[in-house]
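The task is simple: from the sequences and hints, build the whole structure.
Counting from 2, one number per residue, gives the positions in the sequence shown under this note's numbering.
Quick caveat, the hints were computed from the structure, so don't treat them as lab data.
C-beta: ideal position from N, C-alpha, C; glycine also.
DMTMM-like mimics (lysine to aspartate or glutamate), calculated; alpha carbons at most 25 Å apart, straight line:
id, residue 1, residue 2
1, Lys21, Glu52
2, Lys139, Asp122
3, Lys3, Glu293
4, Lys144, Asp165
5, Lys281, Glu52
6, Lys8, Asp257
7, Lys309, Glu52
8, Lys8, Asp58
9, Lys67, Asp302
10, Lys43, Glu25
11, Lys3, Glu25
12, Lys144, Glu100
13, Lys67, Glu18
Derived CB-CB ranges, DEER-like:
id, residue 1, residue 2, range
14, Gln86, Asn269, 44 to 50 Å
15, Lys220, Gly127, 29 to 35 Å
16, Leu299, Asn201, 25 to 31 Å
17, Ile178, Gln266, 32 to 38 Å
18, Asn269, Asp58, 37 to 43 Å
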Amino acid sequence: MKTLILKLDEIPDNLEEQLKNDYELIDIYGAASSAQQDNISKATIGVANGESKLSADFLRKFPALKLIAIFGVGFDGIDMHYAQQHSITVTNTPGVLTEDVADLALTFCLALTREVIAANDFVQQGHWSHSRYPLTTKFTRRKVGIFGMGRVGQTICRRLSAFDCDIYYTDCNQVDIPATRVETVQQLASQVDLLILSANASAHTHNIIDLAVLTALGKSGYLVNVARGSLVNQDDLITALENNLIAGAALDVLADEPDIPIALQRSNVIITPHYASGTKETRDAMKNLVCENIRLYLHSDRVLTPVK
Numbered sequence: 002m003k004t005l006i007l008k009l010d011e012i013p014d015n016l017e018e019q020l021k022n023d024y025e026l027i028d029i030y031g032a033a034s035s036a037q038q039d040n041i042s043k044a045t046i047g048v049a050n051g052e053s054k055l056s057a058d059f060l061r062k063f064p065a066l067k068l069i070a071i072f073g074v075g076f077d078g079i080d081m082h083y084a085q086q087h088s089i090t091v092t093n094t095p096g097v098l099t100e101d102v103a104d105l106a107l108t109f110c111l112a113l114t115r116e117v118i119a120a121n122d123f124v125q126q127g128h129w130s131h132s133r134y135p136l137t138t139k140f141t142r143r144k145v146g147i148f149g150m151g152r153v154g155q156t157i158c159r160r161l162s163a164f165d166c167d168i169y170y171t172d173c174n175q176v177d178i179p180a181t182r183v184e185t186v187q188q189l190a191s192q193v194d195l196l197i198l199s200a201n202a203s204a205h206t207h208n209i210i211d212l213a214v215l216t217a218l219g220k221s222g223y224l225v226n227v228a229r230g231s232l233v234n235q236d237d238l239i240t241a242l243e244n245n246l247i248a249g250a251a252l253d254v255l256a257d258e259p260d261i262p263i264a265l266q267r268s269n270v271i272i273t274p275h276y277a278s279g280t281k282e283t284r285d286a287m288k289n290l291v292c293e294n295i296r297l298y299l300h301s302d303r304v305l306t307p308v309k
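Here's what the structure looks like:
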């Protein structure tokens, strides 16, 4: 008999196909057979995604659960206190998506300062034949701030060094990188031209980018978010944009995805569909890491990437 695995939330097709080949995958929201319904309470392994909301009340429905394998880095939607109390191991897929997220952050920096989207619209709308596009801002040697100097932040730092940028960061830990550490995110914003968010979502970082931080970033400053929508007070961001307190923003994540406030649909705002890790190569690597965590757990109770 194949091992039972619960599909606790949406997962990519490639992962679902692999799990169906190797195990008996039960979609808790799907049309499971009566036999499968009986087995749901006995399953010890569940899979979900980095955006999943798995509360204590939700997890209580699965009393035998001992492993939750997350496709993604985020786990802020999981009640980790409940998981720890009930000896549920949670894994995610860090590391394999670091380069793609860093690449998108750098892409955003260039697209904002050189106004790539607006310049494309200028040409597509036929303006080039009778006018010139306004001058933009040089990116090389800009002052760039990074909030969150973990794997992604350090990789962004290495990318920025090729552009001779002066790099500043805020993090709870001092790291051995060619960058200047400052104490608070508001101080960080006040010293840079672009502020990149790459920190984890937590109670500490929730809405940490508020009007005071955005005002400190200044009228010529840009905000780049490749982390979590919850880091930014979205109402304050809208206020800052409407009052020209900052020059623009590039957002791969939003507070209430996929809902996009009309006030954010502006020429100086770039929004992408939370796809920083969205390359075929990385998604395959993430799938393989989820499957390897499950395989190791079944054979040894150990996993490669436990959430601490």
